[in-house]
Amino acid sequence: MIERAVYRRVERIENPTGRKLAAGLVRLVLENWFYALFFVLLWRFPYLVADLTDSEVMPQRPTGGSVFWQSVMAQTLLIACLAMSYNVLFGFGGIISFGHALFFGIGGYTTFILMREYEPGARWPVLAGFAALVVVIGALARIPWRRLALAALVGAALLYLLLPGSGGVSVYQGFGVAVLLSVALSLLSGAVTLRLRGVYFAMFTLALAEVFWVLAKSGTLRALTGAEDGLPFRDLIPDALNPTPTAGGNRLAMYRVTVIFFALVFLAIRRYINSPVGRVIVAVRDNEQRARAIGYNAFHYKLLTMVFAGVLATLSGLLFVLWGSAKRVDPTLLSLNYTVEPLLLTLIGGVGTLTGPVVAALGLELGRTYLREETFTFSTRLFGLLSLWQALWVAGFALFFYVFRRGLRRGVARALGAGRDPGSRAVTLAAGAGAAAALIVVALVAQAIYAETDLDTYVYKVADLWQLFQGMLFVLVVMLLPHGIVGTWNRWWFNRRLRRMARQAAARAAGAETAEPSGGHEA
Amino acid sequence: MPGYFARLTPRYRRSWALVAAYLAFLVLISLIDFGGNTAGQTLFRGLMLSMLIFLVASGLSLIFGLLDVLNFAQGAFVLVGAYIGYATYQSVELSSTYSFLAAVGAAVVSVGLLGAVIETGLIRPLYARPVFQIVLTFGLGAILLDLVQRIYGPQPKQPLAPPELFRGTFYLFGQSLSIYRLFIIGLGLVIMVAVGLLLNRTRLGIIIRAGVQDAEMVQALGINVRRVFTFVFVLGAVLAGLAGIVLVPYQGATLDLGNQFLILAIVVVVIGGMGSYEGTAVASFIVGLTRAVAEQMSLKHFDAPVLAETSILFLMIVVLLVQPSGLFGREES
Chain A
1 MIERAVYRRV ERIENPTGRK LAAGLVRLVL ENWFYALFFV LLWRFPYLVA DLTDSEVMPQ
61 RPTGGSVFWQ SVMAQTLLIA CLAMSYNVLF GFGGIISFGH ALFFGIGGYT TFILMREYEP
121 GARWPVLAGF AALVVVIGAL ARIPWRRLAL AALVGAALLY LLLPGSGGVS VYQGFGVAVL
181 LSVALSLLSG AVTLRLRGVY FAMFTLALAE VFWVLAKSGT LRALTGAEDG LPFRDLIPDA
241 LNPTPTAGGN RLAMYRVTVI FFALVFLAIR RYINSPVGRV IVAVRDNEQR ARAIGYNAFH
301 YKLLTMVFAG VLATLSGLLF VLWGSAKRVD PTLLSLNYTV EPLLLTLIGG VGTLTGPVVA
361 ALGLELGRTY LREETFTFST RLFGLLSLWQ ALWVAGFALF FYVFRRGLRR GVARALGAGR
421 DPGSRAVTLA AGAGAAAALI VVALVAQAIY AETDLDTYVY KVADLWQLFQ GMLFVLVVML
481 LPHGIVGTWN RWWFNRRLRR MARQAAARAA GAETAEPSGG HEA
Chain B
1 MPGYFARLTP RYRRSWALVA AYLAFLVLIS LIDFGGNTAG QTLFRGLMLS MLIFLVASGL
61 SLIFGLLDVL NFAQGAFVLV GAYIGYATYQ SVELSSTYSF LAAVGAAVVS VGLLGAVIET
121 GLIRPLYARP VFQIVLTFGL GAILLDLVQR IYGPQPKQPL APPELFRGTF YLFGQSLSIY
181 RLFIIGLGLV IMVAVGLLLN RTRLGIIIRA GVQDAEMVQA LGINVRRVFT FVFVLGAVLA
241 GLAGIVLVPY QGATLDLGNQ FLILAIVVVV IGGMGSYEGT AVASFIVGLT RAVAEQMSLK
301 HFDAPVLAET SILFLMIVVL LVQPSGLFGR EES
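As they're listed, the protein sequences go chains A and B.
Numbering follows the numbering used here, with no gaps: position 118 of the first sequence is 118.
Numbering follows the numbering used here, with no gaps: position 36 of the second sequence is 36.
By construction, these hints were calculated from the structure, which means they are not laboratory data.
Just so it is clear, the structure is predicted and the values come from calculations on it, not from any experiment.
Some hints could be false.
Unchecked claim - Chain B regions said to be covered by chain A (calculated; three or more residues, Cβ under 8 Å):
#1 83-96
#2 146-152
#3 260-268
#4 314-321
Virtual Cβ for every residue (Gly too), placed ideally from N, Cα, C.
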């Protein structure tokens, strides 16, 4: 990625015609043909599904496959946006946060609480409160007072513009306030703990998110937040923002808005990471001491990254809320689920890769939706004779042997009285494999005896097994695939190119050597 | 003990004074607000809660201090201990005291084994990648929670009758209470002292404390630090499992037990200071009593427990703001 950015810049300097807008756009598309193709596919996705399932795109047959898959795809893309914003923090910034759900959920609550409760008389108190919050944060972060005053002034001015002097708050004004609040909250959590070790940061963010989650679902504040039932907002949003096909909403338009939002988030993150600021952030992640020694204020760069990721998460959360079918902002948006999910997607896709979270989100979320109604029985079609539980048993044993392989091999060797020479190693390996096979047979027999009663009662819905599956993915990815899908792919590709270059260099050197005696001295 | 206070640095002395003042404030405010008997009951409940929290938090703190691993699976250990203990206690048909002992044994042994397998198999290869350890323990917590739910079902388990030995009641603060509560407090105190003695009076304790300061140096001195790591991890897991089984006769077993105690333990470790044993002990009292008092207060004034759930989190945020290394933790920048 870096090489490409540098290369592009050099080329632009050498080729001034490339500055022309149209030519630039064409080249942008040509250079990013893969992303462009993906975008076009996403854009046409409703029509593709409609062709495949023989349903209408909009809105004559609201129950058709296309309508359903539009919503699924939109929510998947928004989860991908959340994962990408988490990846900015975790992958590029090296900051591990356990409170990202806070930013995801806070937007909906802020907007709709404001719309329901706001009265023009509250304008100045809210402004004063916001300014006070900024000053407190600044004092904690030891920001120079001039900059602090500027920040408080700008924030208060924005808030003044967003909060109307008469009448209620509109949706878009609410969105603006939500973004401002998320900026303030990410500044707060960053200012308090970013100077400390990462663990404190993780715990602080966990606690902060937990506070908001508890408040959102507590019965005491039912009038404000709707407690466990959530905050209904069906009457508060205009039709333009309502993707429900039956209620005069416009699903296809919302789907397109979502796709454009997704593309913008991706481009913004790419721009951010490849900008000079982004390079500093990666440098801080790799070696904070060195970055500081060069003269960068690591703290400020990390703070900026937090704000960036927080705002992106808030915006994706807002859209995600609008896509919800119940039309309620409910407390699960603030719960740990929406922190675990992006973390897992980032890990699977590849920490610190641009496309990794998107790949993982598309794979996992779409797969989950596709498999939601599927069931596994004893004679399931996916595993043939093996039931899911037996597959899990076998996978568990395999993992066990993989993890403890050295200790087991040594134990077997000791038991057999064998030494360390290669021949006996083969013997011990064979013995280990035999033991593994024996254990698996025992497990199968135990399973058969245990399940003797009625085999067909063992029916598992995929949706019920999801949490277990997710936890196992966590462990497996951390242990076996630390670079994630895209990260591993990138490494493989890079090594391949490296090898090829080495081979070419060797060939060139060999050619030069053979050529030298005949023509070497003529030039 | 007097020698201990004489040797303290000014900062530690200030922390002790602060703790004493805060606890006195809690007692005073509950006396003023609730009146004699209710205040006594609240503080007694807080004391019991403190002991349970201590069992979970001491493991978390020791593991973090020595291994530098923030063990997010600690809550799941409580959960596993509670459910395995529950199943054993219910199914073993001996006199209730013996079956309780069997339950404690089963919980402790199984959680200890689990801890040993997790440490040697999964965490040990990851010492080179510290961030991934956090993620790994997080995932393990999710797996254990789901397995427990899968095996024992999602319904909360009703509390079982305490063993006969502790079945009597006693009269305190105008309320008759089960002796079992005294047992919980006593057990907590005994373990607090026992682990303290282990750390301060034995050779193993010296190695652990040295490892908290600098594990590499201990390794360089020819001590197998990895083995000590495993021991401490198992010890932490066992203490958490013990908290789980002890809870069963008091409030039964529910699936959110793990997360509840994990958050409480994290708060304790932050307030007390990472890796500091005395800090963990003191902070458990602070958190337990604060929670009990806040619960009583919010029930009295707001008719809802919202204050109780957030009070300790606010306490943690305040401590992180004022003194991020905690009351008794090492200074770090």
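Hints, one by one, checked against the model:
1. 83-96: Coverage by chain A is violated here, the residue count being 0 at a Cβ distance below 8 Å.
2. 146-152: holds (count 3)
3. 260-268: holds (count 3)
4. 314-321: The restraint on the region 314-321 of chain B holds, since 5 of its residues have a Cβ under 8 Å from chain A and three suffice.
Violated hint for the displayed structure: number 1, the only one.
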